[in-house]
Amino acid sequence: AQSVTQPDIHITVSEGASLELRCNYSYGATPYLFWYVQSPGQGLQLLLKYFSGDTLVQGIKGFEAEFKRSQSSFNLRKPSVHWSDAAEYFCAVGASGNAGNMLTFGGGTRLMVKP
Amino acid sequence: DTGVSQDPRHKITKRGQNVTFRCDPISEHNRLYWYRQTLGQGPEFLTYFQNEAQLEKSRLLSDRFSAERPKGSFSTLEIQRTEQGDSAMYLCASTFVGAYGYTFGSGTRLTVV
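Here the protein sequences line up with chains A and B, keeping their order.
Take the working numbering: the final residue in the first sequence is number 115, and no numbers are missing along the way.
Take the working numbering: the final residue in the second sequence is number 1113, and no numbers are missing along the way.
The following block holds chain A by itself, in its conformation from the complex (with noise of 0.2 Å):
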């Protein structure tokens, strides 16, 4: 069974500093890996996603991820933080060649951002 693992579960910066957030992933092949923001009381926003093909990944909002497949990680940055970005973030891998295309969800990582 897949499983993440988001060793932060705070983390704060200043506006307009770079910003990565931590995300490791168990699976057995490929697995397809996604990056989701919360606001408080909300549902899930999906920031990036990455199937195959280039380890890099840009997503909205001025996010990317990078895969490394040696580390077991899939690591989202920001190179300058807003204070709009002030959220929780989850990381998730969901099994390829999963009829279901269920996810499994890290436990978060709760970003604050001082102004």
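Please keep in mind that the hints were generated in silico from the structure rather than gathered at the bench.
As the structure is a computational prediction, the values presented were derived from the model and not from experiment.
You may find that some hints are simply not true.
[What the hints assert, rightly or not] No farther apart than 35 Å at their CA atoms in a straight line, the calculated lysine-lysine pairs in the DSBU-like style are these: (1) B:K1057 to A:K68; (2) B:K1011 to A:K114; (3) A:K61 to B:K1011; (4) B:K1011 to A:K49.
On the provided structure of chain A, position chain B as indicated by the hints.
The following block gives chain B in isolation, referenced to the frame of chain A:
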């Protein structure tokens, strides 16, 4: 396209009562998913439908939980004899068959007192 709608947004119920939530997916999506998210955790898969057929259920879905999607459009999730441990955000999502990256609704937050 109005996105995925969930109703109600919030529900407070007494322990032992039954509750029902509704999800209206994006109209052309034929897959619909239910996830549960407890405080401070990521969402956990509960069940999914393809059209009106319920194709998989998680072991998290005890026999007090039942979900339907009667005409392959909206779906309902019912919890009977609610317990305090049922307090959570219940999220609905939809997509096409074979697609990844669902569209989530805003969720229904259930509080059992």
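- May I ask which of the numbered hints given earlier this structure violates, with the numbers listed in increasing order? none
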